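What follows is each chain in one-letter form.
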Amino acid sequence: MIALLIEMTGDKVPDVSMELMELALRLKSGKPSDILALVHGKQSEKGAPWFAEESGAETLGLMGTEEGHSAMEMAEAFKGLLKTRGVRYLLFAHTPRSMDMAPALAIALGLPLVSGVVAFDRNSGTFYRAAGGGKLRLHVEAPMGAVVTLQPGTLPSAPRAVTPGSLTLKRIAVSKGPTQILSTHARNESASNLSGARVVVSVGRGLESRENLPLFNHFAEALPEAAKACSRPLVDMGWMPYPCQVGITGTSVSAELYIALGISGSTQHLASISQKTTVVSVNRDPNAAIHSISDLIIETDLLPFMKATLEMLSAPSLQNKKGANPAG
Amino acid sequence: MHIAVLIKQIHSLGTTQIRPAREENISEFRINRLDEHALEEALRIKESLPGVTLTLISLGPDRVTEALRRGLGMGADNAIHLKAEMEPLSATDTAAALRPVLKDLAPDLIVCGAMSEDLMQGMTGPALAAMLGIPWVSQVVKELLIHSDNKTLEATRDAGAGSRQVIRLPFPCLVTIQQGFNIPRYPNISHMIQARTRPIPSRDAPATSNTTPVTGSSPPTRRGRGLRITGTPEEQAAQFVAYLQERQVLKT
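Order-wise, the sequence lines are chains B and V. Position in the first sequence (from 1) plus 44 gives the number in our numbering. Position in the second sequence (from 1) plus 55 gives the number in our numbering.
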C-alpha cells in the first residue's frame, strides 16, 4: 500500500499534496482509490474532504493532532495506523516538519529512507534525489518500499480525479512523550513584499561581507519595482531580516524574474522558486546548482559585476529611461 | 555531564562521493559548517558548567581523523574515529552506523549540525535519536539552557513557516544545531600541537546494510535556457542590462 502523509499549512491543504499524489500514481499504476491519504493538522476536517474529491484517494482526515505535539509523539501515533494498513511506501513533502517525522517513521516501520526526491522514473523504478549541494542527482532504488520525502515543486500535480475518493474523519489519540512544547510564536517582523513582486533580486554568500550590503541595496533599488531577498545564511548571520529569506523555511517566490546574486542554490532554496519563474544567476562557480534552473548564467565575481551594472545604469543614456513598463 | 558531538567531514566544494575513493587530498576536506556550530555550542556549555566532558565522533575513512584533530584543537576532550570506507548516503544508514558507539558511550547529550552541506537531508540526528529511543529537538537557533538539576534542557527551535518553538526535554537527548547564533572558534595552537601527535582511537563501523543502493548519478535537470555570458564584468553587465530591457524590466 502507498500512503501520503499530508500536513495542513495554516487552514489549507498545501499545493505539494497533489504532487505527492502524482508520485504515488507513478509508483503504482492503478486506481487513485488504491492510495491512502492521511490529512492532519489544523482544520483537517475541511482539508480532507477537498483532498478526497480532488485526488480520488481514500482519505483519512485525522483530528486531534493540531498543536503542541512533538514529531516523536506524532510518529508514535501514526505508526500503528500505517502498520495495520501494510504501508510499504510512505510519501511526505520535504519540509522542516518531515525532516523529523520521516526518519522516525522509517525506523518505526522498518523501511529505508529516500530523502529530497526531485524526480521518479516509473520504468526503471528509480528515484532521483538531490546531493552534492544540489549539483548532483543520485539514482536510488527502493523496490521493497521506502519512506520518501519529495521536494515541493519538482513534479506536476496529479490530474483531478474523475471519482472522488472515500472520506473518513477520525480522531487520533496522541500520547504525551518526554518532550514538552513550552511556547510557539511567529517571528515578530513585518511582512515583506516578496511573494507578490514581479522582479525579485536576491543575494547570497557571494556578497562576501556585510560591508557590501549597501552595494547590493543600490543594485536592487536601481531595478524598478524589484523586491529584495536573500538566501538563508544571510539571515542567520543577521545581515538581512527574516522576511527576505527565500527557501523552504522562508518565503516562496513566484515572480516573473528572479535575479540570484552570489547564491549557490541549495535544494532547499531552489525548491522555493516557482517553475514559472525565469531565473538569472550570477555566480563565479561554473557548476553552482543555481545555474541548472537559470535562463541566463553570468559566470563572474559578484562585486565587480554589480559595480559595472550600476555604472551602466547611471549612464545618461539609461538614466532617463529607467522604469518598468507596466503594459508589458 | 558527558556531551557527544557528531561531526561530518565534507568536501570543500560540497560534492558528494558515491563510491569509496582510492586517493584523496585531505586538504580538500573540511568539517561540515553546521557541525562546527554544534561543536561551538558544546564548547560553550563545557566552559559554563563544571564537570563537562566532550567527545567527538566522526564516521568515514581515515581522512576524517583530520576533522577530529581540528575539533580537539578547538577544545574537545576526546575523539573517536568510526571507520567506514565512505560516508553513508542515507540518514538512516548513517544513524545505524553511529548507534552502537553511542549506545556504549551513553552520553547525556548528543549534538550535531542540523544538516550536512552536501546532502542537506536534515534527518541523521532525528534518525539516530529515534533509533536510540531518546527525545530530540531539531533546528535549534539559540543557546541551549541547561537547567541547574542537569536533568533537563530548554531549546529554541525554528519550527518552519517563520515560527519559533521553545521545547523542554530531559537528558539523555539529542539536539541538532542551526547556524546563526554563534561563531565557531579557531583551534587553539597549543591544543592543535597536542592533537597532532595524539593517537585517535578508532573502531570499525558496524556492517550495516546499504538500504537504498545508489545505481548512478547525473547532473540536475536543466530548467531555463542556460545561456552562459562570459567576458569582462563590463561586457557581462551590458548583456545583463540588454536582457532586462528585452524583458521590459528596464525601458529601452
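If you're looking for bench data, these hints aren't it; they were derived computationally from the structure. Check the hints yourself; a few may be wrong.
Sample of chain V residues with no beta-carbon within 12 angstroms of chain B, all distances over it, derived [as the list claims (entries may be wrong)]:
id: 1; residue: V107
id: 2; residue: L137
id: 3; residue: T147
id: 4; residue: D148
id: 5; residue: A150
id: 6; residue: D173
id: 7; residue: L174
id: 8; residue: A214
id: 9; residue: G217
id: 10; residue: N243
id: 11; residue: R251
id: 12; residue: R283
id: 13; residue: Q291
id: 14; residue: A297
The calculated DSSO-like cross-link candidates involving lysine-lysine, where the alpha carbons are at most 30 angstroms apart (straight line), are [unchecked claim]:
id: 15; chain 1: B; residue 1: K127; chain 2: B; residue 2: K72
id: 16; chain 1: B; residue 1: K123; chain 2: B; residue 2: K90
id: 17; chain 1: B; residue 1: K127; chain 2: V; residue 2: K306
id: 18; chain 1: B; residue 1: K220; chain 2: B; residue 2: K86
id: 19; chain 1: V; residue 1: K158; chain 2: V; residue 2: K101
id: 20; chain 1: B; residue 1: K123; chain 2: V; residue 2: K158
id: 21; chain 1: B; residue 1: K75; chain 2: B; residue 2: K127
id: 22; chain 1: V; residue 1: K306; chain 2: B; residue 2: K220
id: 23; chain 1: B; residue 1: K86; chain 2: V; residue 2: K101
id: 24; chain 1: B; residue 1: K72; chain 2: B; residue 2: K220
id: 25; chain 1: V; residue 1: K306; chain 2: B; residue 2: K320
id: 26; chain 1: B; residue 1: K127; chain 2: V; residue 2: K101
id: 27; chain 1: V; residue 1: K197; chain 2: V; residue 2: K101
id: 28; chain 1: B; residue 1: K75; chain 2: B; residue 2: K220
id: 29; chain 1: B; residue 1: K220; chain 2: V; residue 2: K197
id: 30; chain 1: V; residue 1: K158; chain 2: B; residue 2: K351
id: 31; chain 1: B; residue 1: K72; chain 2: B; residue 2: K123
id: 32; chain 1: V; residue 1: K101; chain 2: B; residue 2: K123
id: 33; chain 1: B; residue 1: K320; chain 2: B; residue 2: K214
FRET-style restraints, in silico, Cβ to Cβ [claimed, not checked]:
id: 34; chain 1: V; residue 1: P225; chain 2: B; residue 2: G169; range: 40 to 46 angstroms
id: 35; chain 1: B; residue 1: M45; chain 2: V; residue 2: R85; range: 39 to 45 angstroms
id: 36; chain 1: B; residue 1: G169; chain 2: V; residue 2: G188; range: 46 to 52 angstroms
id: 37; chain 1: B; residue 1: K351; chain 2: V; residue 2: L282; range: 21 to 27 angstroms
All figures in this text were calculated on a predicted structure; none of them were measured in a lab. For each residue, glycine too, the CB sits at the ideal point set by N, CA and C.
Evaluated hints:
no.	hint	verdict
1	V107	holds (22 angstroms)
2	L137	holds (19 angstroms)
3	T147	violated (4 angstroms)
4	D148	violated (8 angstroms)
5	A150	violated (7 angstroms)
6	D173	violated (6 angstroms)
7	L174	violated (6 angstroms)
8	A214	violated (6 angstroms)
9	G217	violated (5 angstroms)
10	N243	holds (24 angstroms)
11	R251	holds (30 angstroms)
12	R283	violated (5 angstroms)
13	Q291	violated (5 angstroms)
14	A297	violated (10 angstroms)
15	B:K127 x B:K72	holds (19 angstroms)
16	B:K123 x B:K90	holds (24 angstroms)
17	B:K127 x V:K306	violated (61 angstroms)
18	B:K220 x B:K86	holds (19 angstroms)
19	V:K158 x V:K101	holds (22 angstroms)
20	B:K123 x V:K158	holds (24 angstroms)
21	B:K75 x B:K127	holds (22 angstroms)
22	V:K306 x B:K220	violated (61 angstroms)
23	B:K86 x V:K101	violated (41 angstroms)
24	B:K72 x B:K220	violated (36 angstroms)
25	V:K306 x B:K320	holds (23 angstroms)
26	B:K127 x V:K101	violated (43 angstroms)
27	V:K197 x V:K101	holds (16 angstroms)
28	B:K75 x B:K220	violated (37 angstroms)
29	B:K220 x V:K197	holds (25 angstroms)
30	V:K158 x B:K351	violated (56 angstroms)
31	B:K72 x B:K123	holds (22 angstroms)
32	V:K101 x B:K123	violated (38 angstroms)
33	B:K320 x B:K214	violated (38 angstroms)
34	V:P225 x B:G169: 40 to 46 angstroms	holds (43 angstroms)
35	B:M45 x V:R85: 39 to 45 angstroms	holds (44 angstroms)
36	B:G169 x V:G188: 46 to 52 angstroms	violated (33 angstroms)
37	B:K351 x V:L282: 21 to 27 angstroms	holds (23 angstroms)
Comparing the model with each numbered hint stated earlier shows that hints 3, 4, 5, 6, 7, 8, 9, 12, 13, 14, 17, 22, 23, 24, 26, 28, 30, 32, 33, 36 do not hold.
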